[in-house]
Amino acid sequence: SQQGEEDPQALSIQEGENATMNCSYKTSINNLQWYRQNSGRGLVHLILIRSNEREKHSGRLRVTLDTSKKSSSLLITASRAADTASYFCATESGGSYIPTFGRGTSLIVHP
Amino acid sequence: SQTIHQWPATLVQPVGSPLSLECTVEGTSNPNLYWYRQAAGRGLQLLFYSVGIGQISSEVPQNLSASRPQDRQFILSSKKLLLSDSGFYLCAWSRGNQETQYFGPGTRLLVL
Numbered sequence: 001s002q003q004g005e006e007d008p009q010a011l012s013i014q015e016g017e018n019a020t021m022n023c024s025y026k027t028s029i030n031n032l033q034w035y036r037q038n039s040g041r042g043l044v045h046l047i048l049i050r051s052n053e054r055e056k057h058s059g060r061l062r063v064t065l066d067t068s069k070k071s072s073s074l075l076i077t078a079s080r081a082a083d084t085a086s087y088f089c090a091t092e093s094g095g096s097y098i099p100t101f102g103r104g105t106s107l108i109v110h111p
Numbered sequence: 112s113q114t115i116h117q118w119p120a121t122l123v124q125p126v127g128s129p130l131s132l133e134c135t136v137e138g139t140s141n142p143n144l145y146w147y148r149q150a151a152g153r154g155l156q157l158l159f160y161s162v163g164i165g166q167i168s169s170e171v172p173q174n175l176s177a178s179r180p181q182d183r184q185f186i187l188s189s190k191k192l193l194l195s196d197s198g199f200y201l202c203a204w205s206r207g208n209q210e211t212q213y214f215g216p217g218t219r220l221l222v223l
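Protein sequences appear in the order of chains L and Y. Just so you know, my numbering puts 64 at position 64 of the first sequence, and the rest follows in order with no gaps. Just so you know, my numbering puts 133 at position 22 of the second sequence, and the rest follows in order with no gaps.
This is chain Y alone, in the form it adopts within the complex:
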């Protein structure tokens, strides 16, 4: 069976510090991978998605970047965090386009 992992679960970082959130998927190969951000009481905003190694598409201009160094690894990064980067970050995978997305447990980021 497939599983998706995200870490850390919670992170408190000062403004201006770097960020690295990791997401890994097990039990499948060549998945589509996604990073979402969810603000309190809001829906999910798609940040990045990837259909293969080294292929990253960005949905919104922002202070963040994403990388996919391996088939089942998706990393969300920032060189300098802003207060507005606080939120709940969710990683997801799917077998392909127009397929069900499976979500990780999320990382709650608080930038102070």
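Chain L extracted, bound-state conformation:
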């Protein structure tokens, strides 16, 4: 079963707007990672946030983690058409050390 579940499944916005995607999970985690996948390509790692961290930034990306709510959000500010892709969260929990991926959010940014 999937640990992380992204929400919404699909998001369509205009260039320049901000895009927010959420990830919820069920059990305690060691860390949570966000990945991006362009159509038909491999996944590209964006940000890793550990369970003792609350917020991380990378360029136009901002990731927050709320362990009390078992959720994370990925914010892309001032979106560009090139941000069009699917975004996945992956969680590692317990002693497995194997990341579990959600089904992803499909983001379309219209120029």
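Hints were generated in silico from the structure; no laboratory data involved. Backbone N, C-alpha and C fix where the C-beta goes; we use that ideal spot for every residue, glycine too. Worth double-checking, as some hints may not be accurate.
[Stated by the list, open to error] Now the in silico label distances, taken between C-beta atoms and shown as ranges:
#, chain 1, residue 1, chain 2, residue 2, range
1, L, H57, Y, P125, 30 to 40 Å
2, Y, S178, L, R54, 26 to 36 Å
3, Y, Q181, L, G16, 44 to 54 Å
4, L, G16, Y, N141, 43 to 53 Å
5, L, E55, Y, N208, 20 to 30 Å
6, Y, N208, L, T67, 18 to 28 Å
[Said to hold, decoys possible] Partner residues are not named here, just some residues of chain L that face chain Y (Cβ under 10 Å, in silico):
#, residue
7, E5
8, Q9
9, I13
10, Q33
11, H45
12, K69
13, A90
14, P99
15, T100
16, F101
Assemble the complex: chain L is given as a structure, and chain Y must be docked to it using the hints.
Frame of chain L, contents of chain Y only:
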């Protein structure tokens, strides 16, 4: 710098034929290696992972097998492909547990 290669990029195979997909990593040693399958519109399903040569762990029962004959080589195989084996196969590596995974470009397999 590290790079990960997968081939072939696309493969069309008849039902019942064998399969061999190869993944190699350069620029690092003793990586963790992973094979995932991604169905259309779905997330990634972990198939196998390996923490060292000859050490393979399987996450789900299936028609596939994996081998790690060398430190930076990971092979996904099948003796007889099924229609349900169609999908996008991704190889990934990480430096260890709880570390970032780096993905290859993927192989799209279509079984007819």
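Checked hints:
no., hint, in the structure
1, H57(L) / P125(Y): 30 to 40 Å, "violated, 50 Å"
2, S178(Y) / R54(L): 26 to 36 Å, "violated, 42 Å"
3, Q181(Y) / G16(L): 44 to 54 Å, "holds, 48 Å"
4, G16(L) / N141(Y): 43 to 53 Å, "holds, 45 Å"
5, E55(L) / N208(Y): 20 to 30 Å, "holds, 24 Å"
6, N208(Y) / T67(L): 18 to 28 Å, "holds, 20 Å"
7, E5, "holds, 9 Å"
8, Q9, "holds, 9 Å"
9, I13, "violated, 20 Å"
10, Q33, "holds, 7 Å"
11, H45, "holds, 5 Å"
12, K69, "violated, 21 Å"
13, A90, "holds, 8 Å"
14, P99, "holds, 6 Å"
15, T100, "holds, 8 Å"
16, F101, "holds, 4 Å"
Of the numbered hints given earlier, the model fails hints 1, 2, 9, 12; all others are met.
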